[in-house]
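Chain by chain, the residues run as shown.
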Amino acid sequence: MRNITYAQAIQEAMSEEMRADERIVFFGEDIGVYGGAFGVSKGMYEEFGEQRILDTPISELAITGCAAGAAMTGLRPIVEIMFSDFITLAMEQLANQAAKNRFQFGGQASVPMVLRTPGGSGTGAAAQHSQSLEAWVAHVPGLKVVIPSTPYDAKGLLKSAIWDDNPVVFIEQKLLYRSKGEVPEPDEPYSIPLGTADVKRAGTDVSVITYGRMVPRCLEAAESLESQGVDVEVLDIRTLVPLDRKSIIDSARKTGKVLVVHEACQTGGFGGEIVSTVVDSDAFYYLDAPVKRLGGLDVPIPYNPNLEAQVVPTIERITETIHALL
Amino acid sequence: MPEAIIMPKTGMAMEEGVIISWKVQEGDVIQKGDIVAEIETDKTAMELESDCAGTVLKLLYQAGSTVPVTAPIAWVGEPGEKIPDTHRQESEKITPETKAPEPQSPAQFAQEGKSSVSGPGKRAATPAARRAAGEQHISLDRITPSGQGGEIRERDVLAAARSATPLAARMAEEQGISIEETAGSGHGGKVFSSDLPGSESIRETRIPLTNIQRITGERMSESIRTIPMVTQHMDLDVTSFMEGRKELNSRRGYKLTINDFVLFAVSRALAEHPRMNSVLEGNEVICRHEVNLGAATATKRGLLVPVLKGAQSMGLLQISQRMKKLAEAARDGTLTADEMSEGTFTVSNVGMFGITSFTPIINPPEAGILGICAVQQLPRFMNNELKQRSIMGISLTFDHRIMDGAEAAEFMQSIQGYLEVPLSAFI
Chain B
1199 MRNITYAQAI QEAMSEEMRA DERIVFFGED IGVYGGAFGV SKGMYEEFGE
1249 QRILDTPISE LAITGCAAGA AMTGLRPIVE IMFSDFITLA MEQLANQAAK
1299 NRFQFGGQAS VPMVLRTPGG SGTGAAAQHS QSLEAWVAHV PGLKVVIPST
1349 PYDAKGLLKS AIWDDNPVVF IEQKLLYRSK GEVPEPDEPY SIPLGTADVK
1399 RAGTDVSVIT YGRMVPRCLE AAESLESQGV DVEVLDIRTL VPLDRKSIID
1449 SARKTGKVLV VHEACQTGGF GGEIVSTVVD SDAFYYLDAP VKRLGGLDVP
1499 IPYNPNLEAQ VVPTIERITE TIHALL
Chain R
421 MPEAIIMPKT GMAMEEGVII SWKVQEGDVI QKGDIVAEIE TDKTAMELES
471 DCAGTVLKLL YQAGSTVPVT APIAWVGEPG EKIPDTHRQE SEKITPETKA
521 PEPQSPAQFA QEGKSSVSGP GKRAATPAAR RAAGEQHISL DRITPSGQGG
571 EIRERDVLAA ARSATPLAAR MAEEQGISIE ETAGSGHGGK VFSSDLPGSE
621 SIRETRIPLT NIQRITGERM SESIRTIPMV TQHMDLDVTS FMEGRKELNS
671 RRGYKLTIND FVLFAVSRAL AEHPRMNSVL EGNEVICRHE VNLGAATATK
721 RGLLVPVLKG AQSMGLLQIS QRMKKLAEAA RDGTLTADEM SEGTFTVSNV
771 GMFGITSFTP IINPPEAGIL GICAVQQLPR FMNNELKQRS IMGISLTFDH
821 RIMDGAEAAE FMQSIQGYLE VPLSAFI
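Protein chains in written order, with the numbering used here: chain B, 1199 to 1524; chain R, 421 to 847.
Since the hints were derived computationally from the structure, they do not count as laboratory data.
Note that the Cβ used here is the ideal one computed from N, Cα and C, for glycine as well.
Fair warning: there could be bad hints in the mix.
[Claimed, not checked] Computed list of chain B residues with no C-beta within reach of chain R, every gap over 10 angstroms:
1) P1382
2) L1392
3) T1402
4) E1418
5) F1482
6) Y1484
7) L1485
8) D1486
[Unchecked claim] Computed from the model, here is a short list of chain R residues facing chain B with C-beta under 10 angstroms:
9) K542
10) R543
11) P547
12) A548
13) A549
14) R551
15) P586
Excised from the complex, chain B in its bound form (with noise of 0.2 angstroms):
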């Protein structure tokens, strides 16, 4: 094992997968020879050339709906949008092709591409670089959504998001892309399945369950309960679909007592779903408190970093509300 960022951990799946197999093909705005917006892709080019690594111009929904083409046609691609807010943009290709295709060529056509996108607030690149999408294409059926929280799980599901026959809408945090992890020598070959939570930290008072960035947020606000005698479990749900109910309800029916937290706003947010998969099971009859969600506001976010920093849950608020369930 070795310590790497979460940017290099994504970028190490995808070159080793296109190594691997030259139908994996990857393509975006500044992708290339500037190395992505966020350095993920930085050194690509010089080594799978021009052919298989392609500058787009910017047109999301060019992007998009070429990737759901070649991947009705033969290829693996992979495609980045800079920021998840663009996904708006794309959402004709993916909502009414990539996701439809399958079903409607009845089960004739698949279309395994992924498109990464970077999401989340926090870089000051206000409210339209700034938002937490995955509930919008949750929503769409066909369509598969990740969101890793370290650089371990990124590469592992992103290596399982590549081999997937469906379209994945890989969603990563831009505050996470510096953060750093343990993960695997690049001999050591691994993935994660889809459809796998996972339990970050072990803990029999509360359940928080989440994804994404508030996961390390989370598991902070679970080490200063601590000190209170307070045990808290924080599941990281890693994929929204397909979700892992069952470690969901598992989770819950342990402890009776539940928080999820995401960044994205609350009304209308996946944390809903979450929600309704405990109080829908026998975890109903084990609960002690009322099942609470702590989103962001429903508000864009704002620029001004003061705001920024408050509109999304705070490690207060999550401890405060842990505090509240108790």
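Please arrange chain R on chain B, whose structure you already have, making use of the hints.
This is chain R only, laid out in the frame that chain B set:
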């Protein structure tokens, strides 16, 4: 379709009006333009005219009620017509002073982060607390909540469960006894059911003995305390007897029971063994020449022993008929004192219950008691061959002061003789 008479809106600012009095009753037939009520608006009192005709089906408010403008206050239509459903909610407003508690808005809930959950009526409890309460048979009503909003948590139920056993908790709930105020005798003051005041009446039902049961009990206690009694069991092969009885009954139309034959055999055997038909008085055994045969009979009031007097000189039919009458009288409660006294020996038949042997207790001052047990179909060796035979057990208890085991066995053998070889009765 019924038509509504509504609270009129007589001015732009009018929001509600008061029904001062009704001028019609339910069931009245009214015409368009009839005065149906006197109402008070924000400015004046006025008469309300109906703008429809028909039968007054329902007055939705009592006089004195305040009603929002344009809300229906009465329905007019054909008799028997169904009134639209809205009137039900409206009618709940009949008593104007009754105000429903204001529901807490979701916004309030969200803002406070917790519900104000205590209050009258249903107890606020988490699903886990309700499940635990169900499992522990504890009523939520007697649990002290510790939740931040006053709700009952699972830990509160478990704490309550620790303070009392499930049985004690259930009994306390049924009896309206407070567990908290009951001193527990268990570890950490845990309340057991026996700690509850008046717990006996909860765990038990007390049934007084009938006079017969009391007297029987006293006699049986005295008997077993004072008489050195021994019980001997014997199996009788009654195969041919059973066949003979069946043949006799079918040929002659009798309904002679096994018991009748046993009583007959016992009456004869007792005549042959006078010490079994005796009374011990001091150092003397008084043998009676009369065989007064008692037959233990279960009745609703208790065990009765009607006595068949002079059985030694009765024939089988006579024993059967007389015994039948006595048993009926015992069950009906019409036995005379004379019919229950002066017994010299008792027979107790439990064969109909499938009992194969038992230890009857002597009915003092008698010398013995014979128990008749069930007739079973059992394999028996007959001349080295295994055969299916009808086997009846008899259990004889005797007073060892009056006779010893060998003598008692001879008495049993006499009975055996009569029942195994019925023809011996002719000898």
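Worksheet entry | Violated hints, by number in ascending order, as checked against the structure | 5, 6, 7, 8, 9, 10 and 15
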